[in-house]
Amino acid sequence: MISRIHVTTGIATMSSPGTEVRIDGEPLPGVRSVDMSTAFDIVPTVTVELMAREVVVDGEAQVELPAGMEDALRKLGWTPPGETREPSA
Numbered sequence: 001m002i003s004r005i006h007v008t009t010g011i012a013t014m015s016s017p018g019t020e021v022r023i024d025g026e027p028l029p030g031v032r033s034v035d036m037s038t039a040f041d042i043v044p045t046v047t048v049e050l051m052a053r054e055v056v057v058d059g060e061a062q063v064e065l066p067a068g069m070e071d072a073l074r075k076l077g078w079t080p081p082g083e084t085r086e087p088s089a
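Sequential numbering of the sequence shown, starting at 1, is according to the numbering used here.
Note that these hints are calculated values from the structure, not bench results.
Because the structure is a prediction, the values reported are computed rather than measured.
Using N, Cα and C, we set each Cβ at its ideal position, and we do this for glycine too.
One should not assume that every hint holds.
To be verified - Label-pair distances were calculated between CB atoms; the ranges are:
{"#": "1", "residue 1": "Arg85", "residue 2": "Glu20", "range": "39 to 49 Å"}
{"#": "2", "residue 1": "Pro27", "residue 2": "Val56", "range": "19 to 29 Å"}
{"#": "3", "residue 1": "Val46", "residue 2": "Leu73", "range": "39 to 49 Å"}
{"#": "4", "residue 1": "Arg74", "residue 2": "Glu54", "range": "24 to 34 Å"}
{"#": "5", "residue 1": "Pro27", "residue 2": "Met1", "range": "15 to 25 Å"}
Given only the sequences and the hints, what does the whole structure look like? Please build it.
Below, the structure written as C-alpha cells:
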C-alpha cells in the first residue's frame, strides 16, 4: 500500500519539470498530467497520465474507438487486427 503521494505543481521551464509526483518519497518519471479529486469523508483519488516509449500489456486488452475514427484510420491505410489487407492493384 502507498503511504504518501506528494504532488508538486508548477509551470514547466528549462530548469523545472513543472508537475512532479512522488510516491513514498520516490519520483514518478514521465508524468504528463495529474487529476486529483476528493470530498468530505472520501479517500482522495489521484489519476496520473504517464508518457512512455513502450507499453507492454501482459494479457488481453480491448480498444474502443470513437464514432467515425475507424473509417478515418482505414482511409489512412490502417488495417484492424485480425483482418488481412487486400493488395493494391
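Hint check:
1. Arg85 / Glu20: 39 to 49 Å: holds, 44 Å
2. Pro27 / Val56: 19 to 29 Å: Hint holds: Cβ distance 22 Å, inside 19 to 29 Å.
3. Val46 / Leu73: 39 to 49 Å: Check failed, 32 Å falls outside 39 to 49 Å.
4. Arg74 / Glu54: 24 to 34 Å: At roughly 26 Å between Cβ atoms, Glu54 and Arg74 fall inside 24 to 34 Å, so the hint holds.
5. Pro27 / Met1: 15 to 25 Å: Roughly 19 Å apart at Cβ, these two residues keep to the hinted range, so it holds.
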